[in-house]
Amino acid sequence: MNFKKTLKVAVVICLALIIAIIPLLSGGCAGGADSGNKVKVGFSICYTGVAAEKGRPMGNAKLDCMKYINEELGGVAGHQIEVIWRDNQYDAAKATTIINELISKGCLFFTTNSSKMMGASMEVANRAEFAGFTVFSAPALTHPPQHIYGQMPDYGDDWAAFARYYLENIWQGTGKAKMALHLLNNPTGYGARDAAQALADELGIEIVSIDEHTATTISEIESLTRIKALNPDILYISSTPQPTSIIIKNAVELGMYPDITIACGHASFTSVLVDLAGTNAEGVYGVFPTVNWGDNVPAMAKMTEYCQKYHPEDYGNMDYITSWAEGLIVAEILRLAIENVGVDNLTPQAAEEYGFKKLDNFDVGGLHGPVSYTPGDNRLSKSNRVFQIQGGAIVPISDWVEAPLIKYEDFEWFGK
Amino acid sequence: MDELLQFAITGVTVGMVYSLIALGFVLIWKSSGVANLALGQLVLLSSWFTYGMLVQAGLPLWLGFPLVILFSLALGWMIERFILRPLIAQPILSLITVTLGVAYFIEGAVSFIWPKSVAALPRIFPQEVVRIGTAVVSQEYLWAAAISLVLFILLSLYFKYNKMGVVMRATADDQLAIQACGIPVTKIFSRSWMLACMLAAIGGILMSSIGGITFGLAETGLKAFSVVILGGLDSFLGAILAGPIIGLAESLGGGYLTPLTWPGIREVIPFIIIIIVMFVKPYGLFGEPRIERI
Amino acid sequence: MNVDLPAGTRNYSYAKDMAIFRTRAHWALLLSLLVFVFTAPLYWGNYWLGVANLIGITIVAATGLNILTGYCGQLSIGHAGFIAVGAYTSAVLTNRFEWPFLVGLIAAGLVAGLIGLVFGIPSMRVKGFYLAISTIAAQFIIIWVINHWTGVTGGFTGIRVPPASIGGITFVSQASQFYLIMAITALTVFFAKNLARTRVGRAFVAIRDNDLAAEVMGINLFRYKFMAFFVGCFLAGIAGSLLAHWTGFMNAENFTFMDSILYIGMIIIGGSGTAVGPIFGVISIRMLQQGVMFISPMLEGSFLDLPAGFTTGIGPMVFGLVIVLFLILEPRGLAHRWALFRTSYRLWPFSY
Chain A
398 MNFKKTLKVA
408 VVICLALIIA
418 IIPLLSGGCA
428 GGADSGNKVK
438 VGFSICYTGV
448 AAEKGRPMGN
458 AKLDCMKYIN
468 EELGGVAGHQ
478 IEVIWRDNQY
488 DAAKATTIIN
498 ELISKGCLFF
508 TTNSSKMMGA
518 SMEVANRAEF
528 AGFTVFSAPA
538 LTHPPQHIYG
548 QMPDYGDDWA
558 AFARYYLENI
568 WQGTGKAKMA
578 LHLLNNPTGY
588 GARDAAQALA
598 DELGIEIVSI
608 DEHTATTISE
618 IESLTRIKAL
628 NPDILYISST
638 PQPTSIIIKN
648 AVELGMYPDI
658 TIACGHASFT
668 SVLVDLAGTN
678 AEGVYGVFPT
688 VNWGDNVPAM
698 AKMTEYCQKY
708 HPEDYGNMDY
718 ITSWAEGLIV
728 AEILRLAIEN
738 VGVDNLTPQA
748 AEEYGFKKLD
758 NFDVGGLHGP
768 VSYTPGDNRL
778 SKSNRVFQIQ
788 GGAIVPISDW
798 VEAPLIKYED
808 FEWFGK
Chain B
32 MDELLQFAIT
42 GVTVGMVYSL
52 IALGFVLIWK
62 SSGVANLALG
72 QLVLLSSWFT
82 YGMLVQAGLP
92 LWLGFPLVIL
102 FSLALGWMIE
112 RFILRPLIAQ
122 PILSLITVTL
132 GVAYFIEGAV
142 SFIWPKSVAA
152 LPRIFPQEVV
162 RIGTAVVSQE
172 YLWAAAISLV
182 LFILLSLYFK
192 YNKMGVVMRA
202 TADDQLAIQA
212 CGIPVTKIFS
222 RSWMLACMLA
232 AIGGILMSSI
242 GGITFGLAET
252 GLKAFSVVIL
262 GGLDSFLGAI
272 LAGPIIGLAE
282 SLGGGYLTPL
292 TWPGIREVIP
302 FIIIIIVMFV
312 KPYGLFGEPR
322 IERI
Chain C
-18 MNVDLPAGTR
-8 NYSYAKDMAI
2 FRTRAHWALL
12 LSLLVFVFTA
22 PLYWGNYWLG
32 VANLIGITIV
42 AATGLNILTG
52 YCGQLSIGHA
62 GFIAVGAYTS
72 AVLTNRFEWP
82 FLVGLIAAGL
92 VAGLIGLVFG
102 IPSMRVKGFY
112 LAISTIAAQF
122 IIIWVINHWT
132 GVTGGFTGIR
142 VPPASIGGIT
152 FVSQASQFYL
162 IMAITALTVF
172 FAKNLARTRV
182 GRAFVAIRDN
192 DLAAEVMGIN
202 LFRYKFMAFF
212 VGCFLAGIAG
222 SLLAHWTGFM
232 NAENFTFMDS
242 ILYIGMIIIG
252 GSGTAVGPIF
262 GVISIRMLQQ
272 GVMFISPMLE
282 GSFLDLPAGF
292 TTGIGPMVFG
302 LVIVLFLILE
312 PRGLAHRWAL
322 FRTSYRLWPF
332 SY
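Protein chains in written order, with the working numbering: chain A, 398 to 813; chain B, 32 to 325; chain C, -18 to 333.
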């Protein structure tokens, strides 16, 4: 009995010690290593948690891309990139501690993938003048522009791009086109609402209803029944793949689709959507800022090779492409900064001033539109393309279109 | 009028899916008084396991499903044997918290074994919709509703007539007394966890055939909470009736109130109803009132 | 109380008997702790200060929950919702109306406390897990309102929160926020420790152990249950306000249901119904979370060719496993182990 008790005490103490020591140890490992010839960047990735569906392929892609740059290209300008990455588990409190860590570990800048995670990191970063960019962003992150950048056009730009495409190529009626919005209940969904609120009148589109759904919805028959009664021409969904597939499926069941046009923002428009929605998704439009798998662009070969080698399960996922491009941009920013100020003078401020702000028509191997910095507009790439699901594949149906800057901060309703 | 019918049918069928998940929760509560916070994660794990059997291993349905059920029984046994048994007779909140640990563990294990983030199960049910009057409903929901009804009837009969069922009820009432009668309480717990995991597996198969497998499944446990509280934590009848009530409230409330208020009202309506119900019937619609003694 | 005293110590007056710091060792420990805390920014980096800030904020919140659930026995699974109320009250007041931080802080506590009272009303009729649903409802309704009351809260767009400032001093760096947060945390813990020893605290415990018996003894259930809800949610609001100014940008997505459950986990692992419980619980859970974040990058760096899911899965698995092991080995919480340790230290070398 006594022995058992001692054992118990010992185990409890051990556990407590392990907890206390893990961070210390790894802190020592990462910080202690000689990093003279290396340049550091930080990645805060939602590898696990509720957003893992998107976070994981993206995390895999950017780490693979870093591997490619370090091993095959010998780093940037002869310097290896040291990546400090953390799994933020889509948890805001963790994201905030991670950003503090990245700042204190001497990273030059950071990236993350979602609006929520950037929201939790950005004020700390802004206050420290520590630049960073996020792959998927809602308008609130880059308006007003500070030290946070968006890799791609935001969810609002998707809406604007589709609305313009629709009016030019599909709309045949007279008067105003009627559009119903179906939004995920977070910034991903409401980014589209912001753009609709800012531009709908001007473009000649009437927003007949705004509905929202959760990420875990199992039936949207109810909301679609109401939408059907309003007789819209377009149903625009800004969400992630799984709820989108449910909405599309229910729309088919209610007999709404394919009579109306359904379009999606880029957060849901990936091969996963086709997997989940099957034949129902045939003919659905979507806006996406990157090329598709198998397209003939310079970066495709290497990316496919690495994806097949390290993460074959992500092949066909567009999120992998986006984040591979993210990796290339990271390298380009570092290259610019090193060439402009020299590796010894690199600071986060220098990386922003001579890296981010010097980006000029950088071609990310053709994976998405060219990347440039324009003062006052913190979106790095500004081009979108409209796609359609045809025969189970995602097919581009428009050229790259430039998404003009929307000055959200000038509107009264846009939060401070 | 057409709309009303559509809302009502949608509400009831979706609600039956909630009921299915809720039954597993009630089962554990009924025999051990533990609130199982890992419910959603069990659903997630068994969905992925189904995916592993049907898609990765390519087994036919008639072989795949029994294997999934077997797996879930084994899972339930293991959870009880290695995690809950050492905690028998400890404060009940510790038992509840330990299921939280189980939840995280399962979530990690799922990412560990299935690095894919989303997957679709092969279509198990026919895709044609069924028309009831002017309303449509897809067959998956009807199947789910039928299956939860059958499970409910089986469970109720089991608890009423089988000796083990009676013993389970007694255990929930007074663990000490039942142990004094020479009945092994551990066996009862083990049995109820196995059954509960099986229910979660069936729920998982149905849910993921409707919407595919994503991490979102882990949050389905949440809907089950509101269902069981409304129905009464220890009542199968409550769970099977409260599901459609919650479903109806969501559907009708969403249908008629959204234009009047903000979007998304559908998600909070069940909670508002529950708060109101609690004032009238504090132990849920069918829960057993506790007689208080000093 | 006297059992806890070290051998050879006697108290000769009531005041002495009741003092929190009674022996020289106590004072020495307190002093060294204070010295340690207030010099910490000198040798801790930005990151560790950030973690310490998060821990401090969480301790304030968990202490509130401990008063409500640990002492008074009213199970609340909506704590993150009340924290959100505090965070947004403070954010709206300091951003939109540009009121001073201190006003925002107090208002955050008061508003969260009042909202807590509203959702505490069902506690008059129900208890245990049935009451928990009312607090779960609180969580969802609060978040829904915050997300849609765009005119005030900014809705899904989120709201920026200026850094905290008191009388011209602005708390921007992690080090300066560290002092602010630690001061408030210390005050909270001291307040909670004292509350537990007053008439109110004893009434709470009586209600937790058997509310019917408590009522028969003349304890006004209505009053004390409400008081517990108010105090618990007040502290949640204070924590929310600190969190808002620490993060700098608020989005209602930051307050998830999982967080609410985790707060319960923290006080259980620490030891509910004890003053030190929340501190132990919060420190171990938060440190574990931080530790888990390092595991996969570290393993990835040291071993090549790990299976694809390894890096992603190992974190939550270890986290869950440690929680399970903690509870199996010490179901009464770390505070219980601490008490045993303290007693054996005091009686040493005479163990019986």
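Warning: the hint list may mix true and false statements.
[As the list claims (entries may be wrong)] Derived EDC-like pairs (lysine to aspartate or glutamate); straight-line CA-CA distance at most 16 Å:
#: 1; chain 1: A; residue 1: Lys464; chain 2: C; residue 2: Glu281
#: 2; chain 1: C; residue 1: Lys108; chain 2: B; residue 2: Asp33
#: 3; chain 1: A; residue 1: Lys625; chain 2: B; residue 2: Asp33
#: 4; chain 1: A; residue 1: Lys625; chain 2: B; residue 2: Glu319
#: 5; chain 1: A; residue 1: Lys575; chain 2: A; residue 2: Glu565
Calculated directly from the structure, the hints in this document are not laboratory data.
Task: Hints violated by the structure (numbers, ascending) - done: 2 and 4
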